[in-house]
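Chemist: Modelling step: build the complete structure from the supplied sequences, incorporating the hints.
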Amino acid sequence: MEMESISENEYELFFGPAHPGSGNFSVRLKVDGERIVSARADPGYLHRGFEKLMEYRIPIQNAVLSDRICVLEPLNWNLVHAEAVDELMSIEIPERAKYIRVIMAELSRIQSHIIWYGVVSMGTGFDTGFKIAFGYRDYILDLFEMITGGRVYPAGYICPGGVRRDLPEGAEEKILKVLEKMEEMLEFEKMENPFHLDRMKDVGVLELKDAIRLGATGPVLRASGMKTDVRKDEPYEVYDKLDFEVPVRKEGDAYARYWIGLEEIQQSINIVKQALNNLPDGDFIAKEFKKPKLAIKIPEGEVYVRNEVARGEAGIYMASDGGTKPYRVKIRGPSFLHMIPVLEHLLKGAEIADVPAIYWSLNVCPADLDR
Amino acid sequence: MEKDVLNKISAKFEVEGKIQRKQRIWIKVDKEDLIDLCRFVKEIGFGHLSAISVTDWLKDGEYEVTYHLWSYKDKILLTLKTRIGRDDQNINSVVPIWGENAQIHEREMHEMFGVEFEGNNDLSPLFLEDWEGPPPFRKDFDWGKYVREKYYNKKNERENIYFEEV
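Chains as they are written, first to last, in our numbering: chain A, 815 to 1185; chain B, -9 to 156.
Treat the hints loosely; a few may be bogus.
As the list claims (entries may be wrong) - For lysine to aspartate or glutamate, the following EDC-like pairs were computed, each having C-alpha atoms within a straight-line distance of at most 16 Å:
id : chain 1 : residue 1 : chain 2 : residue 2
1  : B       : K12       : A       : D1047
2  : A       : K1023     : B       : E90
3  : A       : K1087     : A       : E987
4  : A       : K866      : B       : E90
5  : B       : K12       : A       : D952
6  : A       : K912      : A       : D1054
7  : A       : K1087     : A       : D1024
8  : A       : K1055     : A       : D952
9  : A       : K991      : A       : D952
10 : B       : K63       : A       : E1048
Don't read these hints as lab results, they were simulated from the structure.
Modeler: Quick look at the structure:
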């Protein structure tokens, strides 16, 4: 791609892929002085073709692959994939497995929102927030290491049929202790902070009608005033038995999105506590999957599974022709819409200095955009 | 609830629909009726386009384009499926109905499958830069073979392992 100069004041500017805050992603900005005339997203730096790779592998292998769809919340993507296979094969999931799945998914959501807080702070010049966030995130990574064996990638811990292994001894107490730490961190994060206020208030305002048209979901849509959450709208696993709130704000600016994230951490803490309280005894994996079998046939059919991951709506369309491998997998990542149409829309007319605040307030993940 | 929606649609259009489970409706529709049906379902509440996907049914010689739509009002996921021939890969774009959201999904599907969405004015490459091969997600594209031929040398003893049949 060549840079072309347009007029005396207009020029092109790259935000990413080598920007310290952009991740594996770039936006080409056409700028007039300090103001952005238009923006064009340039994704593809992390394209690994998971949809095609999954056509060549059996579900047990795909469970491991599904970690990598988003580096920042692998367990949530594990769950979407596992649910798609479960539904295609009509497997009854044991009650205990469902609760463990919810606990892990919510812990993963908490650590993902902590990263969100960290990178928003970094992008707006509040380095202390970044360091505190990543320090506290390590407590949850310790839990992941104890339960799944991997700190960041659980290697398909939530697999078709249930979860790969039971909670180890003493896990419940440890989780509760970590949740205490999270509440301690929230107290710090919820302090109103001039860094965040100055840089994000009234910046990047997304109106509700634009948000729906552009395909925004999850925290981004909720910050624009729409009360919607896949966990409430079509409860999967045991979310219908748990009591939690869906935080909504009306302003639609970067600051509102940032606050939605913090409020959701509190909700997730409540969910994990309830799930731990109600955790039943029993199997942690369905009997079909208890002994690992390689050649399990997936019955012919097709499903579309939706989940609420930390960034918004995640979907997997899976079709099978009766073989051992899925015939077609389509992965719908929330960042696909947030980072292309929504970001381009918000950057138009913004100032160069506001780009990081807008960009990170969308809770983006280049990995689930490119797949 | 699902029945009401399905009845509303089948009263106006000749479609083959089924209720898969709670909150899931699947509808097969002809390519010609697609745009009218999309307009209609948008009016009755399916305002959120969750995804557009293409499946390459090589045996039938057809592409199946699927539109996954969510209604915030009725809380139902509706999937529209339509088939187009592999040799005639044209289909009308739904950009006039769902806007930029549809635009970006169609752009991806065009890149990965080569389906031409008529009326979508920006189908430029999205993920793949300087790609000259066929659309890579087609079933008849063997990526293993492509990589071997393009990037490995059979005569190199450290690389010839990649040429062994698996």
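Chemist: So, for every hint listed, does it hold in this structure?
Modeler: Evaluation of the provided hints:
Taking the CA atoms of B/K12 and A/D1047, the gap is about 12 Å. The hint holds against a cut of 16 Å. Between A/K1023 and B/E90 the CA atoms are separated by roughly 13 Å; this keeps the pair inside 16 Å, and the hint holds. At most 16 Å may separate the alpha-carbon atoms for a hinted pair to count; A/K1087 and A/E987 meet this at roughly 11 Å. Proximity of A/K866 to B/E90 is assessed by CA-CA distance (about 25 Å); at most 16 Å being required, the pair is judged violated.
Restraint check: the Cα-Cα separation between B/K12 and A/D952 comes to about 40 Å, which exceeds 16 Å; the hinted pair is violated. With a C-alpha separation of about 12 Å, the suggested pairing of A/K912 with A/D1054 holds against the 16 Å cut-off. Of the supplied pair hints, the one linking A/K1087 and A/D1024 is violated, its CA atoms being roughly 36 Å apart against a limit of 16 Å. Between A/K1055 and A/D952, the direct Cα distance comes to roughly 29 Å. Violation of the 16 Å bound is thereby established for this hinted pair.
For a cut-off of 16 Å, the pair hint linking A/K991 to A/D952 stands: about 13 Å separates their Cα positions. Simply put, B/K63 and A/E1048 have alpha-carbon atoms about 13 Å apart, close enough for the 16 Å limit, and the pair holds.
In summary, the structure is inconsistent with hints 4, 5, 7, 8 from the numbered list given earlier, while agreeing with the others.
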